[in-house]
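Peer 1: Residues per chain are reported as follows:
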Amino acid sequence: MINITINGAVLSVEKGTTILEAAQFLGFPIPTLCHMAGLTPYGACRLCVVEIGEGSRAKLVSSCTYPCEEGMKIRTSTARVVKARKMVIELLLASCPQSKTIQDLASTYDVRQQRFKQEWETCIMCGRCVRMCHEQMTGNALGYHGRGETRTIGTPFNIKSEECRLCGGCIYVCPACQLRCTYTDKEQAICNGCVNLSLPCVEKDKFKEMMCYMDPCVACEISGTHYSNL
Amino acid sequence: MSDISSIEELKKLNSIDDLKKLYWSLFEKIKNDDKPQLVICSGTACQASGTQEIIRGMKKYIIENSLQNKINLKITGCHGFCEMGPFILTKPGDAFYHKVTVDAIPKIINASIKGELVEELLYRDPKSGEIYYKQHDIPFFNKQQRTILAKNQNIDPIRIVDYFTNFGYKSLEKVLSLMTPQQVLEQVKISGIRGRGGAGFPTGLKWEYLSKQSNEKGKYLVCNADEGDPGAYMDRSVLEGNPHSIIEGMLIGAFATGATNGVVYVRNEYPLAIKHLMIALRQSKDIGLLGDNILGTKFSFDIKIVRGAGAFVCGEETALIKSIEGKMGEPKQRPPYPVEKGVYGLPTAINNVETWANIPIIIDIGGAEYAKIGTKSSTGTKIFSLVGKIKNTGLVEIPMGTTIKELVYDIGGGAPEDYKIKAIQSGGPSGGCIPVSLFDLPIDFEKLAEAGSIMGSGGMIVMDERTCMVDVAKYFMKFLKCESCGKCFTCRKGTQRMYEILDDITKGRATLDQLDLLEELALVVKDTTMCGLGQTAANPVLSTLRYFRDEFIDHIKNKHCKAGVCKDIVGAPCQATCPIGTEAWRYIAHIARGEYEEAYIALRDANPFPSVCARVCSHPCEKMCRAGAMTGEPVAIRALKRFITDMIEPSIYKPVRKIKSNADDNKVAVIGAGPAGLTAAHKLSLMGYKVTVFEKDAEPGGMLISGIPEYRLPRKILKEEIKELLDENISLKCNTALGRDITIDNLLNNGYKAIFLGMGAHKSKLLNIEGEDLEGVFPAIEFLKAFNIEGQKLAHGRVGVIGGGDSAIDAARVALRQKIVEKVTIFYRRTRNEMPALQHEIDAALEEGIELHTLVSPVKIKSDKGKLTGVEFIKNKLGDVDASGRRNPEAIKGSEYTVPLDNLIVTIGDTPDVGYISYMGIEVNKWGTLIVNEDTLETNRPGVFAGGDVVTGPNTVVEAIAAGKKAAIMIDRYLNGEELGKPLERKMPTIYVPPREVEEVENVEEMKRIKLPTISVEKRKSTLEEVEITLTEESAIYEASRCMRCDLDFTYAEKIKREQEEFMGDIMKSNSVPEGEVLV
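If you read the protein sequences in the order shown, they are chains A and B. Be aware that the first sequence starts at 1, since it is given in my numbering, and climbs by one per residue. Be aware that the second sequence starts at 10001, since it is given in my numbering, and climbs by one per residue.
Calculated from the structure, these hints are not laboratory results. Everything numeric in this text was worked out from a predicted model, so none of it was measured. Misleading hints may appear alongside valid ones.
What the hints assert, rightly or not - Each computed SDA-like pair below joins lysine to any residue, with the alpha-carbon atoms no more than 20 angstroms apart: (1) A/Lys86 - B/Leu10523; (2) B/Lys10217 - B/Gly10115; (3) B/Lys10070 - B/Gly10057; (4) B/Lys10341 - B/Glu10208; (5) A/Lys86 - B/Gln10535; (6) B/Lys10526 - A/Gly148; (7) B/Lys10327 - A/Met1; (8) B/Lys10667 - B/Asn10749; (9) A/Lys59 - B/Lys10217.
Given these sequences and hints, build the entire structure.
Peer 2: Written as structure tokens, this is what we have:
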């Protein structure tokens, strides 16, 4: 067992526990975005930063990826943390203002201004969908393209992937929803189920064992075959 | 060429004794080979300068003339002095031939065979012309400590025998035969070596962690050769020039840590490095130095090459590991650290190329000996790539703790031409800028970090006054925003947003709030990102903000870029640099078209003293001229101005006059009828104010009349120009001095609502040495005034002038024009390069026969019966560099000597003669100049403004005119009750002047700058006739056509817009249906 203190509260945790898990155990609120139970920690959104270390060695680390170490003193809401957190939310708001998740975050953490040039992006590259696809659905259909400002998420060569089983898991986990189903647009629709009203999850054998994450699934809704109706 | 280099002779080494035997046999062969050798640098930089041609030419010449048995050629990697490439080093003799051309090949080969030198190809000091006969004597090499780089010039990188004959693999032999892994670790730890890749983690410690990891599945050693910093190429040079040293270093590392596999991760953009490394690896494998059971011991280790796929972030260790594994090169949050879980999840230690190259040296000389090099916390030497605005670019290896000053000025040779160095950028895109004021800083890991920069991999980019720091930050931010992997949000978006704000600043669109936001964001990015790239991405912004915040504010508030770089706010650099915003491009364009009246109007619009400035302006515009930046030959703007002012009658210019209804209630007083005062009076008069100008002397003109001699500025022209300015709104009262006849209170009580103080600086500074009150010693102003105003000729016999500024030259040339003067000598304490006077004035003075003695300072004035007989001088040498980037003179003890003189003129600067002013309630600083608000020119008394030399100390005419113009605007604002601090509008080029059409010129490079015509030297001595002559019309048009028309970028769009509007207007007209007609 490893002994740590979070905001003065003493706690002993098992080896390998992350700071985020420990803090959540004690009920200290740490906002997260790219983190999701069941997916490997990724540390991309930098929203969950907390302060560790003493004096000049104090630093901010992402709590979702950082394992607890013996004697660690963790602060989850120092001025430095709050300032960083607010700036991250401000940057998120500047990029993806229409996301309900981000609006809620801004409201919770009292971010009242957005001083950058407004953009209307639909993805914050949190990578939840990619990890969902790889880790939970063992799909490996999604990945990243490019780097830096031109980084995008998509299937290889941005064409419909053989690997994709149209499970919709990616959409289910998306906090900003780039991959929100565009319904009848053939080029962009995830499953095209609604277009031809053929239900991939019902009619095709290979989807038999699959749990559907689309809720509500447009195709199901239209055809009235949603599992809740069955 | 020689038989020892044939690889066939090398058989596989099966034991350590085999290796020892090999050494013996090789040394025996070297001993018997006493042919002279030519060493040719064939690094990438020299190849770009044409080394391959030289090598081919040499081989051809040797074969054609059957000289194979008389001379050896050795083709090596980079030697470091890339500026001078391609170069050849002779052995023995160490002569250094630079910038070798193909024609010189026979000469060099024949001379070397005979044991002679080719003098004209030897390196010379660019300033003194001194020839250096040996490579080591050249200052660039002399001040370095080249433990790693020096090996490059002895080794042909594709011949392993060369490495052996330079004691290569000796350290490996020592380790395998005499040491235990623990002992090796111990030596590396004692040596104190820290990672050369940038972060500076102690290598010994890293290895110790690795050695403690379990060895079950193997361990990895990685050589990080993903060198991506712009302008940095030391790793490339080591890999290209001495790949075996890396292999040896890694072998020793593997032995110490128990590692089983090695990887060299090298960027694919280094084809030569990859080639040489592949050859070296194959050779080592063939000979039994890599693979299983090395040299018959139980130690096994193998190295493979992985080529990078071109991402900057792959230099970061966790991203590098992913890239080696074949995954997307993006970092991973640490912990776990690579030393626990690295390549394929196995323990891994990653070190930089240079670190590995240092390891054999540490083992060879011992850790303790190595630790003596450098400072306590940063040991050893470090290679830097010195690039940017500096004379000697190249690779420099210095011990840690060397100061930046030594690096820049002693090794780098300082700035090229007469620009001032402003800052140095260390550590690549993740580093920061260190200003010239901190150049005393020793280069080590801690000190650089304290200054807000990092060591980085060792890029050192020197920047001078032509570099805009905002632009630098923007450049690096652009690089980082493209190179950020994009995984973590604050790095990806943070760099984008920082770039966005910086871009706004350089385009003049930002606000001061955005500057605060930039800083806030930079700090958060630094704090919250995942990997080293993001954490240091804010450094370029933070360090430039820390040291050059005024430049950011200048961009935002005044829309002004001092360096003339940010195109969108600079417009045409000549106009942007001119303190009074003269549209030089515009009148030059008109001259090129032969439209001289338009040219005069463009000129006169900005400048009330066009004829004066045409003669005596310091023309900062020419320094910024883009034609000059490219060819070193700026357009002769001042001469063109002279051409126009001599050709056109001033009366064709009709200024716009405003009428002020309440002018009589708003009288303004101007003190001093110099350029500042008269400009202020003129501008105020145009605004409709009634102005009274009070002048202490009998005539208006100030320094123009008393300081500048007639041969530079004819009195007739000056008087005419002043007469033009005085109109019915201005009344001039001469012989009325402030402090003697009038006071500020007295003026304010007599109905003057505002006062402008422009008294100038009319008191000469003294040397503060004994005997300055002697007969025959004159302060410069007194001497010049006596001559210029009263026509007195004070000088006789042998005249000495002390000083190096414009008034020193003026005084000397005035003295020369006095009949009973035999000889005039100028004494200056530094060298000619440091003299602040205008270059063409110094040239003219020397032409006229004035002598210049530099590097001397006066010590004592000698006299006989109260009369000057001579001056004792002491010789100086140039010492340390001061904050202005000039070297300070240091007296050489015991070098005193006496020069017999009949007159001495002291011209070491002037101060305002305003002892009375503080009694009138105006604040004065310790240099005796008035204190004003720089933005508004307001003194501490409301309504009292000041400008010109009385505020700045002695300065140029154009600065005084600028102060006068600004004061007029401020006084107008003050009297109208407006806010004074509002930023002044900056004009951008708007008026479109079509470029002159020229016929196809065959040889464009021939367009050289014209020489300024002057009268003969004999004539100059006897008369006061103006020295410079007007350009002929032909040469003026020629010179004007050399202008690159930077304005067109801005005015051309205007032109197109206007044409479109006209076109649309025409269509509208033609479309409008005349009445009575019916459209079908």
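Peer 1: Please go over all the hints and tell whether each is borne out by the structure.
Peer 2: To see whether the hints hold, each was checked on the structure:
no. : hint                    : in the structure
1   : A/Lys86 - B/Leu10523    : holds (13 angstroms)
2   : B/Lys10217 - B/Gly10115 : violated (59 angstroms)
3   : B/Lys10070 - B/Gly10057 : holds (17 angstroms)
4   : B/Lys10341 - B/Glu10208 : holds (15 angstroms)
5   : A/Lys86 - B/Gln10535    : holds (18 angstroms)
6   : B/Lys10526 - A/Gly148   : holds (17 angstroms)
7   : B/Lys10327 - A/Met1     : violated (34 angstroms)
8   : B/Lys10667 - B/Asn10749 : holds (12 angstroms)
9   : A/Lys59 - B/Lys10217    : violated (34 angstroms)
Consistency note: the structure conflicts with the earlier hints numbered 2, 7, 9.
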